Every structure is written in structure tokens, then in C-alpha cells.
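Following the hints, position chains E, C, S, Y, R, D and U with the ligands against chain L.
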Amino acid sequence: MIIKENVQIKIDERLCKRCGICSEFCPQNVFSVRNDGIPQVTAPENCTSCHLCDWRCPDFAITLEVIS
Amino acid sequence: MIIKENVQIKIDERLCKRCGICSEFCPQNVFSVRNDGIPQVTAPENCTSCHLCDWRCPDFAITLEVIS
Amino acid sequence: MTTHTHKDFLDQRHLPHIWCPGCGDGIVLRAYTMALAELGLAPKDVVTVTGIGCWGKSDDYVATHALHGTHGRALAYATGVKLGNPDLTVVTLMGDGDAVTIGGNHFIHAARRNIDLTAIVVNNYNYGMTGGQYSATTPLNSKTTTSPLGNAEPGFDICSLAETAGANFVARTTPYHIVSLKNLLKQAITKKGFSVVEVITPCPTYFGRYNINPSPVANMHWLKEKGVPVAKYQQMTEEEQAQHFVIGAFVNKDRPDFYTMYQQINSRNGTEREGER
Amino acid sequence: MTTHTHKDFLDQRHLPHIWCPGCGDGIVLRAYTMALAELGLAPKDVVTVTGIGCWGKSDDYVATHALHGTHGRALAYATGVKLGNPDLTVVTLMGDGDAVTIGGNHFIHAARRNIDLTAIVVNNYNYGMTGGQYSATTPLNSKTTTSPLGNAEPGFDICSLAETAGANFVARTTPYHIVSLKNLLKQAITKKGFSVVEVITPCPTYFGRYNINPSPVANMHWLKEKGVPVAKYQQMTEEEQAQHFVIGAFVNKDRPDFYTMYQQINSRNGTEREGER
Amino acid sequence: MKKKQWQFILAGTGGQGLILAGAVLAKAAISEAKKVIQTSSYGAQSRGGFSQAEVIISDGEIYFMKCDKPNFILALSQAAYDKYKDNVTSECIILYDHDTVISNKRMNDKGYSFNQRAIELGNSKVINSVALGAILKLCPILENESVIRKLKEELPEKVVPLNLEAFEVGYREVTP
Amino acid sequence: MKKKQWQFILAGTGGQGLILAGAVLAKAAISEAKKVIQTSSYGAQSRGGFSQAEVIISDGEIYFMKCDKPNFILALSQAAYDKYKDNVTSECIILYDHDTVISNKRMNDKGYSFNQRAIELGNSKVINSVALGAILKLCPILENESVIRKLKEELPEKVVPLNLEAFEVGYREVTP
Amino acid sequence: MNRPVGKQFMQGNEACVFAAIDAGARFYAGYPITPSSEIAELCAEFLPQVKGVFLQMEDELGSMAAVIGASAAGTKSFTATSGPGFSLMQENLGMAIYTEVPCVVVNVQRNGPSTALATRPGQGDVMQTRWGTHGDHPIIVLSPSSVQEYYDLTVRAFNLSEKYCTPVIILTDEVIGHMKEDLVIPQLDDLEIINRKVPTQSIEEYRPYQTGDDDIPAIAPFGSDYIVHISSSCHDETGFSNSKPQTADKLVRRLHRKIDRNIEDIVQVEWFGARNADLCIIAYGAVSRTAKQVVVDAEEKGLSVNLLRIITHWPFPDAQVKEALNQAKAVIVAEMNLGQVAQEIQRLNSSHTPIYSLTRIDGEMIIPSQIMSKIEEVMRS
Amino acid sequence: MNRPVGKQFMQGNEACVFAAIDAGARFYAGYPITPSSEIAELCAEFLPQVKGVFLQMEDELGSMAAVIGASAAGTKSFTATSGPGFSLMQENLGMAIYTEVPCVVVNVQRNGPSTALATRPGQGDVMQTRWGTHGDHPIIVLSPSSVQEYYDLTVRAFNLSEKYCTPVIILTDEVIGHMKEDLVIPQLDDLEIINRKVPTQSIEEYRPYQTGDDDIPAIAPFGSDYIVHISSSCHDETGFSNSKPQTADKLVRRLHRKIDRNIEDIVQVEWFGARNADLCIIAYGAVSRTAKQVVVDAEEKGLSVNLLRIITHWPFPDAQVKEALNQAKAVIVAEMNLGQVAQEIQRLNSSHTPIYSLTRIDGEMIIPSQIMSKIEEVMRS
Ligand SMILES: Cc1ncc(C[n+]2csc(CCOP(=O)(O)OP(=O)(O)O)c2C)c(N)n1
Ligand SMILES: Cc1ncc(C[n+]2csc(CCOP(=O)(O)OP(=O)(O)O)c2C)c(N)n1
Ligand code: SF4
Ligand code: SF4
Ligand code: SF4
Ligand code: SF4
Ligand code: SF4
Ligand code: SF4
Ligand SMILES: [Mg+2]
Ligand SMILES: [Mg+2]
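Protein chains in written order, with this note's numbering: chain L, 1 to 68; chain E, 1 to 68; chain C, 1 to 277; chain S, 1 to 277; chain Y, 1 to 176; chain R, 1 to 176; chain D, 1 to 381; chain U, 1 to 381.
Only chain L is shown next, with the shape it has when bound in the complex (with noise of 0.2 Å):
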């Protein structure tokens, strides 16, 4: 059972090193890559905040605020 929490994820794109495991590795698909490289949140209302994406990232880049 997943309890859907209101929830924002922050890219911090200075420190986005654009190595796409946050979006490959979501189990929501939330993300899609921008040209650049740089991750998006196109799907937020997917997100469960299991916070794997921010845990995982290698950069610190990620930061998921769940304001409930």
C-alpha cells in the first residue's frame, strides 16, 4: 500500500552531473531527460516519494520535499 504524499523534487542543476540514473532507475518514470542531459519531473502526480531517485543520486543533485 503506498500512501501518495504531496510531494517536490528539486533538481539542483549545478550539481547534475546528467549520469540519468535517477530517471532510468524511478519506479514511477516521474523523469524525462532533457536534451542537455539534465533530468526532468514531467510525471510529479506518479511520484511515491520513495526517494530512490534522491538517494541514489551519485551528486547530491536531488532533493524531494514532501509536504504533507
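Treat the hints as calculated values from the structure; they're not laboratory data. Check the hints yourself; a few may be wrong.
Derived contacts from chain C toward chain D, CB cut-off under 7 Å, selection only [as the list claims (entries may be wrong)]: (1) Leu41; (2) Val47; (3) Ala66; (4) Arg73; (5) Val81; (6) Leu88; (7) Ala231; (8) Tyr233; (9) Gln234; (10) Met236.
Please read all numbers here as calculations on a predicted model, not as lab measurements. Cβ coordinates follow ideal geometry from the N, Cα and C atoms, glycine included.
Structure of chains E, C, S, Y, R, D and U with the ligands alone, referenced to chain L:
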């Protein structure tokens, strides 16, 4: 079955350090120990030329000559 | 309960870090800072001792006390730190080169001594920092900058080595398995005695490029596929096993740690000794 | 068949040797020279590489080629010797200090690499040469000159370490078990790949005096009683096992040695590499 | 007698192939019997970070091996441009990438759309060949032919045609 | 002002307790407010091999710490005797063990049956105490009492009586 | 621990251990090696009695590292070794210097190089103590010549180490290490004990490698509220790595300056004999004892000889040696090596004073008659 | 292996590898470290192609030991490293010197001490190459300043090593190691290759450490009919350990003598510019390139400046440096350290020539304008 051979046991007193191992562990009690600690071959007739004294002497002091 | 968040353990002044895009080091560091926070520790309680290497550069980004020493000696410094102040939580961050190649001796002795330290070994299958040469964990036949046609030496199983040498806690995981990674780190840090967590994460820039795939994403997929839990691993055929590695906690025991033993023995009546020597 | 006797491998000019009365070192040396003779080797075929220590002094008494290096590095020199001339039979004679304390890293790496060497490790449970300090094999709680009230660290199981690290042949025995000692040495020397024979023989002068009995004879009795073959050991209760150690050959396998692998890999077509890097 | 000497700095980001471009320049010069030294800077941040090749080409012996008085700088990143803009003589040409660098508009600054053109050519990796062409145009101390020959030698066969095209583009489109 | 200085060398075989004897001598001298230095030689062959203690006792500062001009040598093995017989002044007393040493019959050579007497006393290990007695007799620079006091302090209680007896024997039976 | 006090008779290595404990050392990590092993053995016995820890490490590399770690955690720490072990400590000795971690390393010299005569004395490591680790670095090295001084200099070594945040080496030899001699151990209250600087800034403003005008940082111990970052890489005042050229320059020059400006505090020598003698012997450690005997003997013979005994090896007593060179008609440097210090003295010899190097490397002590013959030879010429 | 020959354009470290192989090296053991790792990588590629072996050891201690072992087995061997690794090799370097095992050690210097700026150049290990291992020992150290010379001196290092049965160190720096330059690789037939002496005695009479008047032993390789005994302990002519004082003395003095008596064969320098200039720059390695530029620039400015470039660091070119000191009105020693060689030169300065030490330790090259300013400053004064 032990085949008995004619054996001569020589102890090099220059090398012997009187550790007592040869006499203690000779299965046939061939040795006795002199006052000063040097082993003496006192029951050569019992020797089975098993070589244990020779091989276990830490000081290369024992030579077994088998005269067959 | 937790008074600190993972960011309190992260020194953000030096970000972006030096690691290549998609390098697992950043993920392990994240897991480390989260583990510390979740354990309710404060930065001042913790000493992070790092080796020299890509992963060894992580001290640049931690807000705990830190000691960045010479290559391969992290556990030896850490041993001194722990005995210099046994109240501290001392964690070493070492690459495979640091931990079991040049530093292999300190590794097995720390395990034997069961000194109360945690070793987070990032096994990227090569020396990242110096350009991808083979290390003591590079698998047989792999291509690296010093084994252009293939490595003639098999790699160590770090966990078996730690177990045989005597560690109290031994586990293996990957950055893909981020949740278990964080949890294993928490267990390891909490455990009294010597704990090892091996994190397998092939260096995409070198090892990955020559042996798996240059893309970080591909390397993450590889980890997802190759790292299997004990139960699943045991059901595999030998051939399958050779193509995978097992993840999870393999050793979890409570042999008294060095300092406990030391105190116990030295509280014996000294006179007991008299005449014996 | 044998053209040389054990005396051809013994340099008698320097006898009497420096070892204390009843020290096991002399017995192991005897077994070594007998093994070489029985294997039909000539002194010129063999390089004896020794460490530094009481047992490390054995090069003074061998008539083979010899290299007596710095403390703890015997296996590293020997690795060079073997690769410098792969036709040679290279045997390292190391104390427990040499082999697994200061030299522990070379030990595990030689085993991993499976370099075609033989290591005859005389484990006398302490540093004999420097006066009986504890080593990495000194059992927990033992009294030594640097653990006057008891050692707070347990000792390594050298054989397990060798096995885990990857040795092809691993055995343990004692000088009391002289015949098996000689035979195990022959097997070890013949085996292609890394072979380890651990010979347990407590130093009577220091370890024995403080922990067993100062008399060499008593120490030999101790060995006779404590060293039990695998079969018998397995029938013992855990408590009994803790009071004994197991002797015999534990590992005997045929993983290709380093040089064989190296040649095989490097005979690959170099062009295979093209474009991959 | 003082020999004529040219100092080139090719600076940008790891992955732009600047070391290779430097090598091509150097080897071409060697083939023209000139003296050459190539050095490159890399730090811990090499991968994806700042990267730079320095090439000195001379008619005579070269003693000091670093570009202390560069005649020509290729700046394919802002960091590269900023590193040099205030530390060179006014004669020194700085050729920068229009797409990624904001120039101070020095007298001898020259911008060109390296990144964009490389992408248009079909592979951003040919940026170094575009740059080589541009360099030869602005600083014609070597024969185009020598550079092209070395490009062919140094590159994997299958990417040669595209790189030659890129070279031509750079040579053609950049004007002194 | 030159202070008076005595140099003692106690040489023999490991296990004869010569280092201990040297220490007793040294500590006794200290208790008499003299300056003292003790050194000992041991090599790899220490155990059962050659062993030696050197003690310098002086009324004043001692600079050089080795016995370069020994006044007294105790030689409890042939090796010990041979090491010194030709390297000392004729005034130097060499007290050797009759049972194990063949002397060159130097003028100041003195033999005594140390080994035999120690065994007769019931323990060959008291040979060092016998020697101490003999030394004090031949070289009475310290009070017997100080030496006896230190013997009592340095030895395990249960062996004290026998060692005191040995000391007396040495003191009594050796004559100048 | 039953602390010995007042008049004592003990071995040099023993005096060292009691001095270390008196100076506040509570951690020893080492690997046994002749002729230093007694230091380990006595630490094993006594450190636990003062709640300290003795640890036998797996090798000397680890020993030196553990000493650094324990000191960084705020515990005064030391190790002891001899030539081969000292060579193995070089890398981490450089680390301790560069990161300014106080600690004491005792090198009881034996005959070298390599294994050589392991139980015999030597003085062959003098230059190694100065230059053994890679890269430019300063170092403090003290050389005792009696059991008393071994005690005193051990206390002083810890004090200098704490004061200047740098490793201090006690360079002694087998003779001094093993000989037994009387000494007086002071009451604890009579000992001056110096402890490292403590930070005064606020926690937020604290930067461990920031120094005042004295060039000496106040590095808090691990575990304190001041967060400390120690790095073997080039680091700025924060202790974090920093690869700017200016940072590298500033750091290493400061490391040298903090020693150089305190030469007068650090350098000690002893003059023995008439200050204005014709001939000056320069010696140190065990050999200086021979030299003293020779000075006394020479006086009796009516020869005008004195001794300049080097106590602080490094920084080198340039001023005092120059004074000797200026004053004496000739200088004899007697040492158990091939003239390491003689060569160093040559550097200072702007007065062109004849310098005679008397060397001995056979594992035996230089004896009085050897120096005396040299003196007579020199005087004749 | 496709041996490059004739005009080439390559990196310094690359030239080193081809030179080693040309000189006969067939074994390399090492542990990677910046800025030397290319040597390992190229050995891994090329040694197997000439039936040699490349081995990455577990550390530098083991690397140096393996090199000794392989050389003792008759295979020319070498290793390469940088500061931290070089510090770790010190113990076994002493062993190689003491047991007279030929081998070559390349130290590609970086900024130091400790880890410092690992990718930046430095020259801080000059004194360490001389004194890094414990005990008295001689050493040969060569310092190239171009890719061509890196090639040439690598061949020469193997030759000197084999000729004198001693390790030879190539002391270079990151700049020379990494820069690419043109060089000419000679035909193999045109290279002089020296191999170690072979025994001439009968097998029975053979004693590996017996020497003729030349002080150089003929140590057979392991496996030959001549049985060879190599010991790090004090050893006599048989190679077996022997603890007599005379043996120790004889051995170490011979080790020094075999180098000292061949100073003329071993020592090389280069004079650049007018021989009788007013001002002499002394420099080596990368910095000597800067100095050459300065000599040329100075000439244009009408300043009388020349360069004495040190090629053989150790044994030190005493005679040539003295010549410089005697001839010039002032000497500037320019080096990427705190004046290590400047200090060594002071030892030889009986002419009281002003010596100016120009130092740089920030990981950047000394540039021409830096030396030029110094010259102008000196000339003004
Ligand atoms: C004594 C020493 N030898 C070699 C080096 C060079 N060096 C720096 S990091 C490194 C290897 C790093 O590999 P690893 O520990 O696996 O860390 P990674 O970079 O892969 O994370 C080496 C060999 C050194 N700094 N010190
Ligand atoms: C680098 C170094 N450290 C320490 C020593 C001193 N040392 C000589 S032998 C030895 C220990 C010997 O113990 P082990 O190897 O067990 O041999 P044993 O004497 O017991 O046979 C030590 C510590 C040394 N020679 N070199
Ligand atoms: S939190 Fe989970 S679901 Fe949400 S974006 Fe991140 S990975 Fe996707
Ligand atoms: S995981 Fe992080 S670094 Fe990678 S693409 Fe996503 S935000 Fe960027
Ligand atoms: S050979 Fe055997 S039976 Fe004969 S004496 Fe020796 S041990 Fe005894
Ligand atoms: S075993 Fe050897 S040394 Fe021991 S007593 Fe017998 S003969 Fe003597
Ligand atoms: S080189 Fe490899 S290990 Fe190092 S930062 Fe890059 S990806 Fe990570
Ligand atoms: S000290 Fe121990 S190991 Fe050494 S010779 Fe004596 S008994 Fe043997
Ligand atoms: Mg790694
Ligand atoms: Mg041992």
C-alpha cells in the same frame, strides 16, 4: 613388521645441545642420558633404525649408519 | 529522536564533488551520511578516516571529524584513533586498493584484533584515482590499464577474507541496493568489534568502460542483475553463481572487541605474574 | 634415483647453529633438506628465501641458492625470483612474524595470485629472535614479553587464511610428526601454485617457558598431544577441539598458477584489444 | 640566433579530445622537421573537468617546455577562457567557443560556434577537428596536408571522413 | 682530579646469571654512593652462547662506558678467557673457572673450581653468587654487606639462603 | 603504577619509558626490533597501569599510523624502533609532519644499512632522520648521551612535539639504549609538561590550521566540539584539501618557519672542557662519552682539547658549530658512521678550519685511544 | 614487440620504458602512482611481447623486493614510483645496495611531502635519494631533463647498475615524465649494453662477494652452477652472514669505494653557455630547461650567464660544482624544492662565492622570468 638391520648411532657431542628429545622419544629406549645431558646409546640392540632420533634431533647431532 | 539530518554530516562547500558522472562513490557517501543521521549520532561523535583514491577523497565532503592519511593505512590510523579515544565512532572509507591491496595487512589484522571500527570498502574493481589499473579485487581476465589483454590474477573475495580473519560483522551490497546499503551501514556502525561492508560498484570510467559498459546507467543495471541475496544465490547452479555475486550480511557475531579484551586482561592482578617470567 | 642426500642441502660449516636447545627450527630444517633430497633436486635448482627471525636464520645452514632479505618480505623476493627464472624451485622459510604479521599482505596476495612458491611457515607462537613478543599467531590470553598479563588478541589460523586467500596446497603439522612433516613438504614443493605448510612448534625459550613448559621435551610432548589428524579432530567435542589443533593437508587443488595464467593471457592476439580502449 | 617559436594552448573540458588535437598538431609539426613539445595539464578533476594541451612548435631547440607566452589559445569552456584572458599579451589570439564562452572582447578574441557546428556535423566529438581547422587558418605555420595526414593516422578509420569534413569546416568558416 | 675507577668484566655462558651478578655489583656500588655503569653484550647467540656483563664502578663521573682497561675479569668459559687473555694489562686479574678453562698462566691469573663448587652446593645456578664472593675477596672495593643486601633484593626469596651460602663459599675459599 | 622517583639505576630504554609516561604519553604502538624492544616490553607492562594502551601493531607502517591516529584523538603517543623499522615509518612520518600531529619516535640505532649487525650499535641514521621522507619537510631530532639525558630528552621531545605540533625524533643508539646507569627522576611536580595549544575561537569560526603570528595551529582533538579535518593532501586553514599553488607554498613554508624561528628554543649543545681549546672534538650520543674521557685524558697530557656535544641534531646547531670552527685550530668529528655530521659541518666551514672525520662502522664503540691517536696525529701536523 | 627506432615523438615515461627494454630489462614490478603510472601501463603492454614479465605487486615494499628477487635470478629488473611509494621502498633499497643486486628505480617526482599535490611536479626528493634508507650507503642517482635524455639515462642506469652491482635511481619529475617531445631512438646495435660480471673461478672456489682489485663482485644468477648466497645481514665473501667487526667494516667501506673510485665514470654534468660567465645557474631536471632559456635570453640582454646542469645527482659532482664556484662571481641554484642542492653546494664553497637559492614548492614550474629577475637582482648587488 620391523626388519632389523645392523645400525650404528653416532652422536656428535660438538653439536648436541642436550635437549633430550632423542632419548625421550626413541620408541625403543635405545638411549640413556649421561650426567652432563649428552645422550648415550645404551641399548643399540633394540634399535629398529626407524630414524626418528636422527630426524628429530634439532641439532644435526645424530647420524644413523645402517650397515646392512 | 534524530537531531541531525544527513545534510549535517555532509560538507556541501566542496560540491560538486570530483567524482565522474554516475560513479557509485556519491551514492555510498549519501548512504553513509544517512546512516549516521538515522543512528542519532552527531558530527562531533564520529571520525571518518579515509584512504587515498577516488573513494578516499570522500573526506572532502564529510562534516564529521576526518583524517585523510596515506594510501592503504586508513585502518591503522583508525586503530590509533579508537584507542586514543574509545568513545568515538570511527569509520574508515577505503577503496579496494586501500583496503585489501596495499592495505591488506591492516585489514586482516584489524579483523583478527576485532578492533571496534567500521570499514566501508568501495570495491570498484580497480584503482580509479590513478587511471584504472588492476587491483586485488579485479576479476580474473578483466581488462584494465595494466592488464590490457586480461588480468592473470583472480580478485579477492573481500567478505570471505574479513570473515576468515575474524570480523564480527561482514556484509556486501551495491549502491543500486541503496536501502539495504544504508541499513547494513547502520548495523555495521552499531556493531561492537570490527565490521566490514563491501560495496560493489564498478568504476564506470575505467573498469566499466573496458569490461561492462561505459554508461553509468548500464553499470547500475549490471549491479541490479548481478547482486543476488543469499537465498536466491544458493538456488543457483554453479555456473550461474559464477556470473553473480551474493549480497547481504554474512557474519554477525559478538566476539569481544580488542579494547574490551585489553581492559579485561589488564585488570587482572599484576602479581599473578610474579615469578612466572 | 636420488643423486643428492640431505647433507648436500645442508651447509655444515656454520654448525652448531644458533638455535636454542630443543628448538623445533632444526628439525624443520632437517625435514626440508630431506624433502629436497628425496625429490631428486640438486642444490642449484633450488632457491631458499628466508625471512628475518630465528627460523629466518636457516639460510646460514642451507647449501642451495639463498636469499635472506628484510623482515616480512620473503614472499615478495621469492615472487621476483620465480618470475625472474620460472625454472627454479623457490621455497620461502618464514616465521609467523615474517609470514603473517609484518608479511601478512604478501602472504595473502601470493596465495591469491597462486604464484608457484612453497612457504614453510614455522609458527612458534611468538617472535623468537627479538625476545618472545607476541605475534599474530600468539593465542589469546598467552603471556609473552609484550603481553605480560595475557594477549588481548587471538592468533590467526594460518591455514584458513591461506585457504581463503587462494592457495593450492595447505597443510599443518609439527616437528614431532617428523615423517608427515617431510612428506607434506615434498607434496608442497611439488605442487604447482602456492603451497603453505604451517609447522607448529612453540618456542621453548619464550613461549614455552611462559605458557607451556620451559623444557623442549615437554614442548614436544605438548605437540604430540595437541596435534590431531582431521578425522580424530572431527570426532572431538567443541571444547576438546579448542584444546587441540588439527594437522594434515587441508587443501590440495590445481588452480593454474600465476605464470601459467600470465603466459596464456598474453599469448592472446594483441589486436583483440584494438578499439576497446 | 633566436628561433621562431609558436605556443599553442588548447583548453576546455575533458572529453573534447584536446589532448588528441594537440598530438595531431605536434606530430604534424614533427613531420615538417620542426621541434615540438607537448604538455598537458590534468588534475584530480580531469574526468569531465578542466583539460588542456599545450604545444610548442619551433624552428629550433625548445628549452622551456611550458607556454609562458602563448601565441594562440583555444578556449572551449568558460573556465578555459577565464584562466587566460588576463594573463596573455594582447597579440595572443584567443579563439573561443561562441556557444559556451562569454568573451571579454579583447582585441584578438575570436569567437566561433564550435559546439553547435560539431553537433550539426553529426557528432559533438568532432569539435577538436573543427578546432584544428580553425587553428590552421588563423595560424598557418603548418601545411594543412601534414595535419590531415596525422589526423588520418591518429584516428580510427571509420571516423576519419567525418573528422576531415570537420577540419574543412573549421578551416573554411573561421576567418582571420 | 682523576677519580678512581674499577672495571669489571663478568664473562661466560648464557644461563650462568652473569648479568644478574653484574646488576648486584652495580646496585651495591650505587648504594655506596658510587657512580656505576653496567653494559652487557649479547648477540644472536645469546641463548646458551657467549654472555657478558661489564660493570664500571667509580668515585666520580664515568664517561666512557665500556671496559677498555679492565681491572678484573671473571672468565667462566674458555671462550671468555680466550677473548681477554691477550688483550688486558698484566695488572688485570683474570679469575677463571678451573673446571672449564685452560689458563695460559698469566701472572695475575687465578683459578677456582666454580662449577664444581656450585654443583656441590646443590645447584649449578648459584655459580654467580660464588663468583660474587670471590670477586669481593679479590677486589674489596665494596662492603660485603651492600652486596649481600642487593643479593637479597634481587633474588626470589626461596633461593636467597643458598646464594648467600654460595657467596660465603666464594669469599672464603678464593684467596688473593 | 609505582612511579620511580629520585635516584635510580636503570637501562636507557627503561628511562625512556618512564619519561614518556611522565610526559603524559598514554599510547604506544610499535613493532619489536632490537635494540629498541625493551621500550615496547615496558610499555606493555606499565601503560595499562596508567590507563594507557600498549598495542603491538602488525608492522612499523601501521605503528606510525596508529600513533598519528591516537595523537589526533588527543592522546600523547609514541613509538620506538631501529633502522629497518625507521625506514618503514618514513612515509607516515612525513604525514605527521605535514599534518602537524604531535608524536615522538624513538630510533635506537644499530649497525646498518639493511639488516647488517642487528645487535651492534651504530649512528648511521643521522642524515636519514633529516631526509628520510619525501618532499621538503622540517624535523626536530634529539640525541641523548646518558641514561639521565635519555629520560630528560624524552620529556623534552614530548614537550617540543606538543609545543610545535610536529613529530620529534629521539635518535639514540644501542649503547645508550642498553646501558644501565644511575639517574635522578624528578618529582612529577618539578617537571615542566607542555600540552598542545587549545582553540580559542568560536566553534563556527574555528579552522584547525589557522595560526596566529607564531605559525602554530591549535588543532583540537577528535571528539571535541571543534570539528577537525586532517589531510595528507595539500590543505588550507580549514584542513580540507586545496590544490591551489599558493596553498601548497604557504603551508610548507610555514611548517619550516615554525621551526626555524624557534631555533634558539629547540637547539641544545653541551660544551665540555676549556671553551678556547686548540682542538675541538664534535660528537654526539654514545661517542660523546668517549670524547669526554678523551678531553679529560688530554688535559692530563697537557693537550688543549674540548668537546662540542650535539644534543639537538636537527635543526642543526649551525651557530654553535660555527663558533667551534672559528675558535679551534682543528676539529675532529667522531661518529659511528662514515662522516655524516662531518659532512654537514663542512657546509658551515667558511673559516676553512681543518675538519678531521673519525669514523667507525664495524659495530664497535669508538674508544678513547682511537680519538687520542687522532688528536696526536692532528697536533703533529 | 615492434621496437620504435629513429625519430620519435613520445612522452618521457614512454621513452623510459622503451629504453629499459632496450637495455635488457625483462621484469617490472610496481604499484601505480601518479605521475609514474604510465611506466607500469606500458610495461604491462610491452614486456610480455619480449617474453618479459610485468607484475603489479600489492605495494611498493613488495615491488622493490620482487625487483631484487628477479634481478638475483638474473633478469634485469626495474620499478617506478613517486614520493610516497619511494618512501616505502627505502628499506629494500638499502637491502639492494647492501647485497649488491643491480636494479633500476625510477622516481618521477611530484609535489610533496606526504600526499600534498599529487599531480603537480616537484624536486623535493633529491636528498631523500641520497639518505632515505638507514645506515651508511652509497647510491647512484641520475636526473634527465628531456625525453631524449630520459631514454639515454635509462639505458645508462641499467648499465651503471650492472657494472657496479648496485641500484641506480632515475630521479625525474612530473614535467619530464609527462611531456611529449621528439627523440631519436638508436638502432639496437648502436647501443652499448653492459651486463654484470660473470664468475671466472671454479665452482668449488667460487665466493660470490669476493672481488678483484676493482671492488666489484661477480654474483652469479640463482640457478647457475655457482651457488649464490645473498644476505641482508652482514656477510663475508661467501655471502653468508658473519658478524665479525672487520667484516662489517670491510663490506661497507668497499661498497663506498667501488663508487667513489669511479666518480669520473659515473658523474656527468652539462655546461651550457659561455664557460667563463659571470654568473652561473645550477639546475637539474625540468628546471634546467627553464635555465637554458634564461641563458639564451640573458645573452640577448648582454648578461654573462651560464648553466651547470647536474645530470648525475649522486655521487655529487663536487669537482664540477667547485669549478663553477671558483669561476663565477655568483651562483644561482634554481630548484623546485627549498634549496636541497643549494645546501649541498654550500659544503663545497671554499671560495666563498655568493650562492643564491631560488626555490619553488607550489607545484608550478620555475619560469624563465623568475630566474631572470633573480639574475637582475644579483647583478645589481
Ligand atoms: C604509497 C602510495 N602508493 C601509490 C599511491 C597512488 N595511488 C593513489 S590512489 C591509488 C589507488 C586507489 O585505488 P582504490 O583504493 O581502489 O580507490 P579508488 O580510486 O578505486 O576509489 C593509488 C595506487 C599513493 N598515493 N601512495
Ligand atoms: C622491519 C623490521 N622490523 C622488525 C625487525 C626485528 N625483528 C627481527 S626478527 C623479528 C620477529 C621474528 O619473529 P618470527 O618471524 O616469528 O620468527 P622467529 O624468530 O619467531 O622464528 C623481528 C620483529 C626487523 N628485523 N625488521
Ligand atoms: S521519489 Fe521515487 S517515485 Fe518519486 S521521483 Fe523519486 S524515484 Fe521516482
Ligand atoms: S541521478 Fe543526479 S546526477 Fe544523475 S542525472 Fe539524476 S540528478 Fe543528475
Ligand atoms: S633409530 Fe629409532 S629406534 Fe633406533 S635409536 Fe633412533 S629412535 Fe630409537
Ligand atoms: S636430540 Fe640431538 S641435540 Fe637433543 S639431546 Fe639428542 S643428540 Fe643432543
Ligand atoms: S574514476 Fe571511476 S571510481 Fe573514480 S570517480 Fe571516476 S568513476 Fe568513480
Ligand atoms: S628463541 Fe625460541 S625460536 Fe628462537 S631459537 Fe630459541 S627456542 Fe628457537
Ligand atoms: Mg578501487
Ligand atoms: Mg615466530
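Evaluation of the provided hints:
no.	hint	verdict
1	Leu41	violated, 12 Å
2	Val47	holds, 5 Å
3	Ala66	holds, 5 Å
4	Arg73	holds, 4 Å
5	Val81	holds, 4 Å
6	Leu88	holds, 5 Å
7	Ala231	violated, 37 Å
8	Tyr233	violated, 33 Å
9	Gln234	violated, 35 Å
10	Met236	violated, 37 Å
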